[in-house]
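Number of protein chains: 2
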Amino acid sequence: MLKQWIPAAKPDKEELDKRLDAAQEELLRLQMQIKEHKLPVLVLIEGWGAAGKGSTIGGIIKNIDPRFFKVASMSAPTEEEKRKPFLYRYFVKIPEAGKFEFLDSGWMDEVTKGRLRGELSDKQYAERIESIKRFERQLTDNGYLVLKLFFQIGKKEQKKRLEELEGNKDTAWRVGENDWWQNKHYDKCEEVFDKYLTDTNASVAPWYIIDSGDKKWAELQVLETLCSGIHVAMQNESLAVPILQNVFPLVKMPKLSEVELDKEISEEEYKKELRHLQKKLNALHYRLYRKKIPVVIAYEGWDAAGKGGNIKRIAGALDPRGYEVHPIASPEPHEKARHYLWRFWTRLPKTGHIAIFDRTWYGRVMVERLEGFCSTNDWQRAYNEINEFEKELSQWGAVIIKFWVQIDKDTQLERFTERQNTPEKQWKITDEDWRNRDKWDQYEDAVNEMLQKTSTEYAPWHILESVDKKYARIKALKIVIEELEKALG
Amino acid sequence: MLKQWIPAAKPDKEELDKRLDAAQEELLRLQMQIKEHKLPVLVLIEGWGAAGKGSTIGGIIKNIDPRFFKVASMSAPTEEEKRKPFLYRYFVKIPEAGKFEFLDSGWMDEVTKGRLRGELSDKQYAERIESIKRFERQLTDNGYLVLKLFFQIGKKEQKKRLEELEGNKDTAWRVGENDWWQNKHYDKCEEVFDKYLTDTNASVAPWYIIDSGDKKWAELQVLETLCSGIHVAMQNESLAVPILQNVFPLVKMPKLSEVELDKEISEEEYKKELRHLQKKLNALHYRLYRKKIPVVIAYEGWDAAGKGGNIKRIAGALDPRGYEVHPIASPEPHEKARHYLWRFWTRLPKTGHIAIFDRTWYGRVMVERLEGFCSTNDWQRAYNEINEFEKELSQWGAVIIKFWVQIDKDTQLERFTERQNTPEKQWKITDEDWRNRDKWDQYEDAVNEMLQKTSTEYAPWHILESVDKKYARIKALKIVIEELEKALG
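Chains as they are written, first to last, in UniProt numbering: chain A, 1 to 489; chain B, 1 to 489.
Same shape as in the complex, but just chain A (with noise of 0.2 Å):
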């Protein structure tokens, strides 16, 4: 892309001031109407060292009001991010609703020194490649702009520039040494570039180049590329998103209604294995936490189906300094105002710790679905999106384990009507539990469809019969172990 690029003719100065003034005025109208679409602008500034990106920025958010944007500086990843997915860093900076995020730089940078420095082999590269474009996908289709802009300048306009700014006591500290050795491999890193522009350069977010010879010039052309990029998102904001055909191998999984719930365990028994199991746990954990393994379980079920009691013995095993149980309630504002997974990305364990999740992502596909939180097509869409941020996990080296906890309708009756009848246990039981009682075959169809749809062979879901809830204890703990193990070769 970088080397048939051909830069638009620069207007003359009159123009030029003209177009700017116009342009500046745009934005401060649209940052009013961004507000009322509730539209997250997210913006990409990459390039190369010099090229003027931060002044650039500087000039542009002169004419947005300080309560509507943010500009995150990415420097080179901190060790606490290096122990979270790849993309960890930048999934949590995702704007809210009705907000601009500026990303200087976003994740061209990361990825395209990664691939300098001889760090990225080919096939870790095209996992990177894939990885953005499903994330830039996953943004656009929910509902975000994300604007892709490349600054241009030449080896000689560099090499004045870092010159420049050397010789100068107040500006020689922003001259890094990676400018320099960009400037000296200037066509092998123009080759880099533009393998990785062609490569995520996708309909939903194009990239623009931006031609940065010249200040004035160089903000326009973004100031221009923003606001056009908002009026087409304004104008998309009510279209639907095709629902892509799933591409994962998936496993094949029962239907709630062929689970047999009649399995059980004797007191004697349970006691036995409960103390063998936790033992063993507790010496997987400490052997994954020194192998840096991270681990993600998530449970889901009915309501009163023993969740929580099963989290707690799985969670008894363990070391408390290494894992962290997750409650998932309804979002709260500054969550719902952004993509419903970016709750979970912040919420990732470190390499080497465990994060139990009580509810998960899966809300999705069960209670927004089935109470109208999101539209049909969020949800049409969300099984595939699942599945994409679990393989990105999965592809960060974390063992996903995933519960279903089965009970019969008969059964959560009596659980509703003993807690109702025991002092201690009421605060367990809602009228929100009674309503969604009602719905159960519902929730039985949503269930159906999402085991089916998101039980990948990276994934799987386990279904823990627990009628007998010691029984589903036991089962869950020698999953969790088998599954350790595995990962631990």
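The set of hints was computed from the structure by calculation and includes no laboratory data.
It cannot be assumed that every hint is accurate.
Identical copies go unnamed one by one, so any copy, or any two together, can satisfy a pair.
To be verified - BS3-like, lysine-lysine: derived pairs with alpha carbons at most 30 Å apart:
1. Lys10 <-> Lys84
2. Lys84 <-> Lys292
3. Lys84 <-> Lys113
4. Lys62 <-> Lys428
5. Lys478 <-> Lys216
6. Lys70 <-> Lys271
Treat the numbers as computed from the prediction; the structure is a model and nothing was measured.
Using the hints provided, position chain B relative to the given structure of chain A.
Only chain B this time, still in chain A's reference frame:
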């Protein structure tokens, strides 16, 4: 404390088991009461290496529902954390109302390590102790239960345990250099620990030394300490807290009614000054970035006083990669569930960065006071709490600049009316603004009290006369420049 400490007699096995059962059940019951009483419980686990801190926490949390607790394992501060105030990484971890947070370890470990390694001078150590005492008192004053446990074992016992751990390949990695160092310098460590325990043993947050020779016995002591602490805290929840006298040097402030509002600047001079001052500020920004000085700029003022436009002129001069504007609205649920300063601690800048707050922690003594969002005792205490908070920032090295943007009642009415009549500005005016206006006199009293009580030498208030907004902008720029120049020396 440690040296004179006499361990309680360990009960015999039968009694121990009985009391353990009873204490576990008690904690299970108390967990629900904590939820009802909205009591946040912060448990600090300190003590010798290999004293069994981790496994004891493991035993304790088995008796708590995972929805109600978190365990944070605090290792050495990350690079990112080192660029924040000392207490930052602890403050951001405080629990929500109704929940437990276990810190393994708390801030004692960091301070005593710094002392033992000779990284903290006498003066710095004394400052840390002051900070810690204030922090703990602020937590308990604001309804937190802070339980501080020190796990004690003798030199021989520690040595034995370290050898045992090292002997087993699954546990060998848990023994760090620091553990052996401690054992070798046991007496020196004991002295430093003893002094720290004595220095920070306050009646609002006393120390409990746990005899950790035997695992079960240690667990029992912790459980019983927890239960008794919770009982006391629940009994005391409605107690008012003493209003401490101000100990910080204050700067005399005028009353708002004395502020002369007829100051103005011509359009021509404004443009000239603006360009000149913004350029100067821009250069200063780079210098403080290099010197790693953090800056906090706080804006308060009447509705429609011109805060937004004023902030824009400051921000417009800065490199967007080095500052952030934080618009402060009413707190979200997870923010309301914590100490009212929590949401400001989480937004502190890194060293070398600037954080601009559009409305601030002073909401406590204005809107929260006047709307009854907190008790009288709460807001009366807040002046001192805020002075302490800013003292913390100042000791960290931050420049703190606080602006009160002042207009008169007639000017506000003019601007409200103009907003109402201008379509692009209507979003800026709400019913709440009109309601606040009705309480102008009450607000004026509250602001006067705030200015008198919180204008400290290290964080004074500056009044911006903003009937002529341009005058106020130039004045703000000049003050920021002056303060930064002072800090840069």
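Identical-chain pair category, Lys84 with Lys113, by Cα at 30 Å: both (19 Å within a copy, 29 Å between copies)
How would you label the pair Lys84, Lys292 (within, between, both, or neither) given a Cα cut-off of 30 Å? Close inside one copy (11 Å) and across copies (27 Å); limit 30 Å.
Between copies, within a copy, both or neither: which fits Lys70 and Lys271 at Cα up to 30 Å? Only across copies: Lys70 and Lys271 sit 27 Å apart there, 54 Å inside one copy, limit 30 Å.
At 30 Å max between alpha carbons, let me know whether Lys478 reaches Lys216 within a copy, between copies, both or neither. between (64 Å within a copy, 28 Å between copies)
When Cα atoms must be at most 30 Å apart, do Lys10 and Lys84 count as within-copy, between-copy, both, or neither? neither (43 Å within a copy, 45 Å between copies)
Given a CA cutoff of 30 Å, do Lys62 and Lys428 count as a within-copy pair, a between-copy pair, both, or neither? Intra 51 Å, inter 19 Å, cutoff 30 Å: inter-copy only.
Checked against the numbered hints above, the structure violates only hint 1.
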